[in-house]
Every structure is written in C-alpha cells, then in structure tokens.
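Asker: Residue strings, one per chain:
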Amino acid sequence: QKEVEQNSGPLSVPEGAIASLNCTYSDRGSQSFFWYRQYSGKSPELIMFIYSNGDKEDGRFTAQLNKASQYVSLLIRDSQPSDSATYLCAVLISSGSARQLTFGSGTQLTVLP
Amino acid sequence: EAQVTQNPRYLITVTGKKLTVTCSQNMNHEYMSWYRQDPGLGLRQIYYSMNVEVTDKGDVPEGYKVSRKEKRNFPLILESPSPNQTSLYFCASSLSGGFGYTFGSGTRLTVV
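So the protein lines, in turn, are chains A and B.
Residue 102 in the working numbering sits at position 102 of the first sequence, and the numbers go up by one each step.
Residue 93 in the working numbering sits at position 93 of the second sequence, and the numbers go up by one each step.
Bear in mind the hints are in silico, worked out from the structure with no lab data behind them.
In this text, all values refer to a predicted model and were calculated from it rather than measured experimentally.
Each hint should be verified, as a subset may be incorrect.
Rough simulated footprint, nothing fancy, chain B against chain A, three-plus residues with beta-carbon under 8 Å [to be verified]:
id	stretch
1	43–57
2	84–94
3	98–104
Glycine included, C-beta positions come from ideal geometry on N, C-alpha and C.
Bound-form chain B, shown alone (with noise of 0.2 Å):
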C-alpha cells in the first residue's frame, strides 16, 4: 500500500530533551516536507525537500533540523524542544511537487 509512515504518534517530552520524528514514503516521490499544524493557524512549513541531499526552509523553521540521506527517508529533528513547539505534526510527500502531497498520520507532540 502506497503510503507515508510517521513515528511516534503520540509523543511528551520534556524542555530541551532531543528528539526526532521519523517519517518514510514507499512511493519513489522527489519531494518531502514537514509541516506543523495548529489551531487558527492552519498547516505552516517547517522544511521540504526536492531530493536526496537537498532541503530548504519553510515558513517556521526556527528550532528544527532535517536530513534527507535516502530518498524514503525524512526525520525531523528537534534538538532542544521548547513547549511553544507543542503541535500537531505532519509529514507529507510528493511525486514531483506539483501534483499535490500525500500526507502521513500525523505526530501530536506535547513539550512540558
């Protein structure tokens, strides 16, 4: 099944404690992009990705870190989490970017 898988789910942390959500597509697509959604605000970009190697900024990437070292593959880091980072997260990807995004599940991540 042609899918994105995100991991964890569910997530609570603490202030300052590293951690990364992982997010894999079994599509072949090029791009791949993190996004964060929260009420009122809609789906804001983090970071996305054109290919292997090749990332760019979004519109919040203030505290967040990604590496794209495989294809399928698209983390999303968060060194020193901060509870302002308390969101819902999702991870999405594309056959070329213009087609549209498939999206994972989504990652609910609570910082305390």
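Just chain A, same shape as in the assembly (with noise of 0.2 Å):
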C-alpha cells in the first residue's frame, strides 16, 4: 500500500479561482508535512510545510492538516497561470535520528488563462 496518496489530476481550474489539492497518508507516526511545487523539468521546490493540526496560511497558500483523518491539503487562492505545475505531498517521518521523507505521485495542476 502506497503511503502517500494524492489524485493525479490534471486538475483544471480558470484564473482567479481556489485550486484545492488533497493528500492522505497511512502512517500516523507522520510527524511533518510538506508541499512542494514542481514545474515541468525542473527540481522540486518547498513552498509549505506544516506540523500542526489546522491552517498554516503563507501569502494565496494555504495547508490544513488534520492527523486524525491522516489528510492534509493545499489551497491556492487566486490562482495565476504561473501557479500551474505538478504539487507534490511529502511526509516525514523520524525514527531516532532518522529522518525519512516519502513523496506521493504529485497532483498536476493547470491554472487556465
């Protein structure tokens, strides 16, 4: 069973409008949670991460996590053309001084014009 799960999209959403990407993870021992943005050819970079239960807000980024249900989403209020890439969930998990970080597949995220 794959430990982190996302929807793979694409997901379609016109300027201007909330995208909402979801998250769920199997492990409850996750301890902290990232998103990272991942534009086509390039390298994965974080934009949110999260450890708490509840909102983190960051500028139009918003996380919300809710261990119970083992859910953590991304919202991006006004979204922009630039804002269309592949987000990608990771989850971190520590054990002692390891530190293992498991990524779901990545949501692609098409913002229209």
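Bring the two chains, given one by one in their own frames, into a single complex with the hints.
Answerer: In structure tokens, the structure reads:
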C-alpha cells in the first residue's frame, strides 16, 4: 500500500479561482508535512510545511492538516497561470535520528487564463 | 549562493558500465538524500544520510551504493547499471531533516 496518496489529476481551474489539492497518508507516526511545487523539467521546490493540526497560511497558499483523518491539503487562492505545475505532497517520519521523507506521486495543476 | 550541485545533468551509458553521479551542498546540511523520479511513481527515496559515515536505505536501494565521507558530498554509485535504472535522479539536502529538503537540478540517466 502506497504511504502517501494524491490524485494525479490533471486538475484544471480558471484564473482567479481557488485550487484545492489533497493528500492522504497511511503512517500515523508521520510528524511533518510538506508541499512542493515542480515545474516541468525542473526540480521540486518547497512552498509550504505544516506540523500541527489546523491551517497555516502563507500569502495565497494555505496548508491544512487533520491528523485524525490522516489528511493534508493545499489551497491556492487567486490561482495564476504561473501556478501551473505538479504539486507534490511529502510526509516526514522520524525514528531516533533517522528522518525519512516520503512523497506522493503528485497532482498536476493547470490554471487556465 | 546556497545550493545543491549535481553532476552530470545528462548521462547516457551502457548496461554494466559503472558510473557515479556526484552531489555536493554548500549549506553545511547534515541530511542528504537521493531520489529517483519516474512517471506515475513520483519521487522514491534510494538512500539517505544523517551525517558523515551514517547512511541508510530508502524505499528502492537495490542496485545503488552511496558513501558520505565528507559532510558536503554524497555521491550515488551504480556499480552495474541496468535499463530499469533509467530515470531522473535528484539529490537533496536538509539542515536537520525536519525542515524539508533543498533539491539539486537533477540528473537524467539513460541506460541502454
């Protein structure tokens, strides 16, 4: 069973709309949660991280975490064509000094002008 | 400029010919990791390192070796590459592993 699941998409939203990206994870020991953005042909770039239940906002981005439901989401408000990319959810599991970061397969987002 | 540098960016090789992909970071990060990215499978961790001389297997370590003799360098070694190792490889580093990773530009490897 895959540990981190994302809808692969593609997800299309019109410019100015809210894009909602979802991720579920299987390991209840997961401690930290990350959202990366990856443009085609480029390397992943960290855009948000969240550790505690609830919402975390940074500009147009809001990350939401619900540990009881093992669910993390990313909302992008006022979506722009430049937001078109693949969004990767990543989950960190720590055990002693070991830190293993596991990624989902990504959701491809297209923002239509 | 703080960065993770991988070399080469592109590599075509033949089955069985040993190769090394280099990775270096200039941020004094403790944690370093190698991932491979394949269509539909996302990023899968190959090996990671928590500090000098401390490494551990990720999810797909078969066919790969790593070493961490210096804090800044974490090379990935394919002793006998096979076509199923054709992939896009990323090296990444993190200060402590808990704050997310910074990724290198990637190495696209083709094994024929």
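Asker: Of the hints given before, which are not true for this structure?
Answerer: none
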